[in-house]
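The primary structure of each chain is shown beneath.
Protein chains: 2
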Amino acid sequence: MRPNSHEWKAGSTHAPNRDYRWDGPAGMGLALRWARAGETIIIGSRDEQRAQIAAAAIQRRAGNNANVSGLENSAACAAADILMLTVPFDGQATLLKQLKPAITEGSILIDTTVPLAASVGGRASRILGVWQGSAAQQTAELVPAGVSVVAAFHNLSADLLNGDDDLDCDVIVCSDDPDAAQLTRELAAKIPGVRAVDGGKLENARIVEQITALLVGLNIRHKGHSGIRITGLPPSAYR
Amino acid sequence: MRPNSHEWKAGSTHAPNRDYRWDGPAGMGLALRWARAGETIIIGSRDEQRAQIAAAAIQRRAGNNANVSGLENSAACAAADILMLTVPFDGQATLLKQLKPAITEGSILIDTTVPLAASVGGRASRILGVWQGSAAQQTAELVPAGVSVVAAFHNLSADLLNGDDDLDCDVIVCSDDPDAAQLTRELAAKIPGVRAVDGGKLENARIVEQITALLVGLNIRHKGHSGIRITGLPPSAYR
Chain L
1 MRPNSHEWKA GSTHAPNRDY RWDGPAGMGL ALRWARAGET IIIGSRDEQR
51 AQIAAAAIQR RAGNNANVSG LENSAACAAA DILMLTVPFD GQATLLKQLK
101 PAITEGSILI DTTVPLAASV GGRASRILGV WQGSAAQQTA ELVPAGVSVV
151 AAFHNLSADL LNGDDDLDCD VIVCSDDPDA AQLTRELAAK IPGVRAVDGG
201 KLENARIVEQ ITALLVGLNI RHKGHSGIRI TGLPPSAYR
Chain S
1 MRPNSHEWKA GSTHAPNRDY RWDGPAGMGL ALRWARAGET IIIGSRDEQR
51 AQIAAAAIQR RAGNNANVSG LENSAACAAA DILMLTVPFD GQATLLKQLK
101 PAITEGSILI DTTVPLAASV GGRASRILGV WQGSAAQQTA ELVPAGVSVV
151 AAFHNLSADL LNGDDDLDCD VIVCSDDPDA AQLTRELAAK IPGVRAVDGG
201 KLENARIVEQ ITALLVGLNI RHKGHSGIRI TGLPPSAYR
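Chains as they are written, first to last, in this note's numbering: chain L, 1 to 239; chain S, 1 to 239.
One should not assume that every hint holds.
[To be verified] Derived DSS-like pairs: lysine-lysine, alpha-carbon spacing no greater than 30 Å straight-line:
id, chain 1, residue 1, chain 2, residue 2
1, L, 223, L, 97
2, L, 223, L, 190
3, L, 223, L, 100
4, S, 201, S, 190
5, S, 100, S, 190
6, L, 201, S, 190
7, L, 201, L, 190
8, L, 201, L, 100
9, S, 100, S, 201
10, L, 190, S, 223
11, S, 190, L, 223
12, S, 201, L, 223
Hints are computed from structural coordinates only; laboratory data are not their basis. As the structure is a computational prediction, the values presented were derived from the model and not from experiment.
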């Protein structure tokens, strides 16, 4: 495992809602935060040039010590050990099928997908039913054997991630692989202001994904960038 | 409307999990908090004597100025203008059908039901699918015309409600009746430490109900009494 090497997939060419613009603001924001924390970032895109432009923009903001590059998606998958999937739900399965040959055994795939109804023309405050139970479980069905899927980062505001202030949000991490979940919680905790919480098995991702639709509704209703904090747990819950 | 008169239904004779014991700890805890805040409380039960015993226990803890009484369920429904439903999911529909003739037009029914799989012998960290979308929407189908249904209070720890400390949790309130939602938010804000958030339409209750299953899982995993806070919203969101 190379814990300092992360691919960040942000490529998507359409915009079902503001959180999933073609330039992948959630993905860009996470990449920015991790680049600042000293992680090696590879931006993946269908178009290598676009990936490089995005990488250069993050490099510029994160400073000279950051290590951010851009590659075509398959090359990015092959080059990284921790893969982040941040595409709209309607592109998730197709992309995973395309990339399956490039995803190497032993890698970790962190899925941030939220099956918002907006991805099929509905409302961003509603969720589609996914046969497997959650977008993350759909992902788990589509990756090669020996790849661990983790669901996390669904509830972070892309706008806030792309800013410079500390966040005020917890990240609930769900996975059937305790080691992959632990590594993901450590990554989450590198984002200033974020605490990571062990959310148990991957099947629990269905609830965490749905919380995003609730937060989108709150954002629309109250003009904010909402997130959640879990209260009432001992400090050991955030390790 | 008599905003100081609340029926509190807590009657249930079985115990699918710790949050839904026969003595209805969530219901008792809310009644205790509102009795202390000066609200008039009527405890409802299938058995009037049991209701009176529960009422006396709350009266004792809430002090001499509290106004807590106990009635059989139908009498309680007829006597109150705001009805709280706090029974396990498997008892919800049957009870509502029984009580339908006693629920008066113009009253508000606040539904706290969470369709935990535990109510049919499954896990308390899993949720049943409800045809209408949520337990609250099932309730809306079963109440007489002219009764407003509000979904709220799902995510409060019964143990913490029954204690004396301030809570550290937000209550997300969902309803298709803005006035009933507003009244419910005012009630929620009377619980020390609680902020109420407008969660939009009743259909959104499906997400808020599911959050409880996530919190149950966190409580089991981390030995806590978890709740949630919504972050990133302006102060106006909590009115």
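Here is what the structure says about each hint:
For the proposed pair residue 223 (chain L) and residue 97 (chain L), the alpha carbon gap of about 37 Å is over 30 Å, so the pair is violated. A threshold of 30 Å between alpha carbons decides the hint, and for residue 223 (chain L) with residue 190 (chain L) the separation of about 27 Å falls inside it, so the pair holds. For a cut-off of 30 Å, the pair hint linking residue 223 (chain L) to residue 100 (chain L) is broken: about 39 Å separates their Cα positions. Distance restraint check for residue 201 (chain S) and residue 190 (chain S): the Cα-Cα separation of roughly 22 Å lies within the 30 Å cut-off, and the hinted pair is therefore satisfied.
Annotation: proposed proximity of residue 100 (chain S) to residue 190 (chain S) holds, straight-line Cα distance about 29 Å (limit 30 Å). Between the alpha carbons of residue 201 (chain L) and residue 190 (chain S) the distance comes to roughly 36 Å, so the proposed pair goes past 30 Å and is violated. A threshold of 30 Å between alpha carbons decides the hint, and for residue 201 (chain L) with residue 190 (chain L) the separation of about 22 Å falls inside it, so the pair holds. In summary, the hint linking residue 201 (chain L) to residue 100 (chain L) is supported, as the alpha carbons are separated by about 23 Å, within the 30 Å threshold.
Restraint check for residue 100 (chain S) and residue 201 (chain S): satisfied, since their Cα atoms lie roughly 23 Å apart, inside the 30 Å limit. For the suggested pair residue 190 (chain L) and residue 223 (chain S), the alpha carbons sit about 25 Å apart, so the restraint of at most 30 Å is met. About 25 Å separates the Cα atoms of residue 190 (chain S) and residue 223 (chain L), which keeps this hinted pair within 30 Å; it holds. Taking the CA atoms of residue 201 (chain S) and residue 223 (chain L), the gap is near 17 Å; set against the 30 Å cutoff, the hint holds.
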